[in-house]
Structures are given as structure tokens and as C-alpha cells.
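Chemist: What follows is the residue order along each chain.
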Amino acid sequence: GNSVTQMEGPVTLSEEAFLTINCTYTATGYPSLFWYVQYPGEGLQLLLKATKADDKGSNKGFEATYRKETTSFHLEKGSVQVSDSAVYFCALATSGGSYIPTFGRGTSLIVHP
Amino acid sequence: EAGVVQSPRYKIIEKKQPVAFWCNPISGHNTLYWYLQNLGQGPELLIRYENEEAVDDSQLPKDRFSAERLKGVDSTLKIQPAELGDSAVYLCASSLNRGFSGELFFGEGSRLTVL
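The listed protein sequences correspond, in order, to chains A and B. Mapped onto the numbering used here, the consecutive letters of the first sequence carry residue numbers 1 to 113. Mapped onto the numbering used here, the consecutive letters of the second sequence carry residue numbers 114 to 228.
I should point out that these hints are in silico values taken from the structure, not numbers from a laboratory. Every residue gets a Cβ at the ideal spot worked out from N, C-alpha and C, and that includes glycine. Do not rely on the hints blindly, as some may be mistaken.
[To be verified] Cβ-Cβ distance ranges computed for the label pairs, FRET-style:
(1) Gln193/B / Ala53/A: 44 to 54 Å
(2) Ser58/A / Val118/B: 23 to 33 Å
(3) Trp135/B / Glu42/A: 11 to 21 Å
(4) Ala53/A / Ser120/B: 35 to 45 Å
[To be verified] SDA-like cross-link-like pairs, simulated, lysine to any residue; straight-line CA separation at most 25 Å:
(5) Lys68/A / Glu216/B
(6) Lys56/A / Glu216/B
(7) Lys175/B / Gly97/A
(8) Lys124/B / Val87/A
(9) Lys60/A / Lys175/B
(10) Lys129/B / Leu209/B
(11) Lys60/A / Ile139/B
(12) Lys77/A / Gln154/B
(13) Lys77/A / Thr5/A
(14) Lys129/B / Arg224/B
(15) Lys56/A / Leu209/B
(16) Lys124/B / Gly43/A
(17) Lys52/A / Phe218/B
(18) Lys77/A / Gly153/B
(19) Lys124/B / Gly41/A
(20) Lys124/B / Arg105/A
(21) Lys52/A / His74/A
(22) Lys124/B / Asp170/B
(23) Lys175/B / Gly1/A
(24) Lys175/B / Tyr99/A
(25) Lys175/B / Gly96/A
[As the list claims (entries may be wrong)] Rough simulated footprint, nothing fancy, chain A against chain B, three-plus residues with beta-carbon under 8 Å:
(26) 126-133
(27) 172-186
Using the sequences plus the hints, can you model the full thing?
Modeler: And the structure:
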């Protein structure tokens, strides 16, 4: 079956620090990969996605590269801001799973001024 | 454009009481999802609707949970009777179709506390 493993949080950083949140996956077939973000008091929203190997998704300064050889989709940002404090969810979807996203447990990011 | 609307945002009930959650998806989105999110966990699918038809409901505990989506627009998720372990956030999401975009639009969720 499909599954996503994320690094445990919380991740605590100072403003302008470099961010990496690790995500690895197990999937049947060729998944599409996603990062969703949940800001405090809000619903989950799509941050970025990649649909095939070596694709790089990017948005709001965040990037993630689809690495088929290591089954990974790590989220990175070069310089985090306080406003990036949120919970980040890695997810995948496959045709065999009717394209319904399977989510990781989420990683909380706390950025201090 | 209005997003996915859920109500109530918070609900506190005694165990064995019934509870219902309502969701209004984004206009024109024919696919609707109910997810369960336990504390510190990612969302887990309960049921997916394509228009008014329920599909992918294998994770819905049918002895106490029920859902409906009359007329293929808004949806209701019911628990009767509620148990202590049902305390969680119930998320509703919608998408334009279940094609390859994979993008779901989520509501803010309904947080249930069962005492």
C-alpha cells in the first residue's frame, strides 16, 4: 500500500535559517507527490507538487525535488520567516489509489524572530 | 470564490450522544472527501463522494458513522452514538475532479471533543 513517512517535529528555527523537512514514501506505481501546509486556525492548503521523477515543485520560496531513486520528496527553504510557522504535510497520490492523497503525520515548524 | 465551509467549528458532547457535521464544498467541485485527523497525525480518508455517489468508504466505521451527500452538493457526516475515541478533527475537502492534479481544497475542520 501507499505510505508517507515524515520527520518528527517540532522543528524550531530562528528567522532566516535554512529549513529541511524530510519526507520518504512507499507507493505502488508512480505517485504524484505533494506538500500541504496548515497555518494556525486554517485548513490545509497545497504548497507545491511534483508529478514525475526529477521534477521540482516550488512555491513561496519552498522547493522539493521528486527523487525516485531514494523515494524522497524533502521540503527546503533557504531563509525561513516567522510567518512560515505552520504544520507541513507530505502526501502522495497514485492512479491505483484513485488519486486520493495519502498524508504523512505532519511536521510542525516553529520560527522564532 | 468561497472556500470549503464546515460547521460547527467546535463541538463538545457526552459519550453516547449523536453529533453531525456539515460541509459545503466549493461550487462546481463534484468530488467531496471526509477525512479524520487525530492529534499529531495526518488526515485519514473516511469517505469520498463523486457527485452524490459514495465511493471509497471502506474506512468509514459503518456501525456508528454515516454520511450523505444529497443532490451532490453539501454533505453531512453523522456519528451515533459517539465514543471517547471519536475525539478528533473532522476535515472536509473538495476537488474539481479526481484526475491527476491531486489538489484538494480543505475546510477549517470540525473539532469534536467527546467527554
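Chemist: Hinted pair, alpha-carbon criterion (25 Å max): Lys129/B, Arg224/B. Please report holds or violated.
Modeler: Holds, because 17 Å separates the two Cα atoms, which is no more than 25 Å.
Chemist: Quick check: does the Cβ-Cβ distance between Ala53/A and Ser120/B fall within 35 to 45 Å?
Modeler: With Cβ atoms ~42 Å apart, the hint holds.
Chemist: Check whether the Cα positions of Lys129/B and Leu209/B lie no farther apart than 25 Å.
Modeler: Not OK: Lys129/B and Leu209/B at ~36 Å, beyond 25 Å, violated.
Chemist: Taking only the CA atoms, is the gap from Lys124/B to Gly43/A under or equal to 25 Å?
Modeler: holds, 17 Å
Chemist: Would the hint linking Lys124/B and Arg105/A be met if the CA-CA limit is 25 Å?
Modeler: holds, 23 Å
Chemist: Taking the CB of Gln193/B and the CB of Ala53/A, does the distance hold inside 44 to 54 Å?
Modeler: holds, 46 Å
Chemist: How does the coverage statement for the stretch 172-186 of chain B fare against chain A, requiring three or more residues with Cβ below 8 Å from a Cβ of that chain?
Modeler: Three-residue rule not met by the stretch 172-186 of chain B, so violated; n is 0.
Chemist: Evaluate the given range 11 to 21 Å for the C-beta pair formed by Trp135/B and Glu42/A.
Modeler: holds, 19 Å
Chemist: So if I understand the rule, the pair passes when the alpha-carbon distance is 25 Å or less; does Lys56/A with Glu216/B pass?
Modeler: With Cα atoms ~17 Å apart, Lys56/A and Glu216/B stay inside 25 Å; holds.
Chemist: Is it true that the CA of Lys56/A sits at most 25 Å from the CA of Leu209/B?
Modeler: holds, 24 Å
Chemist: For a C-alpha distance cap of 25 Å, please report whether Lys77/A and Gln154/B respect it.
Modeler: holds, 23 Å
Chemist: Given the proposed pairing of Lys124/B with Val87/A, does the C-alpha separation stay at or below 25 Å?
Modeler: With Cα atoms ~23 Å apart, Lys124/B and Val87/A stay inside 25 Å; holds.
Comparing the model with each earlier hint shows violations of hints 9, 10, 26, 27; every other hint is respected.
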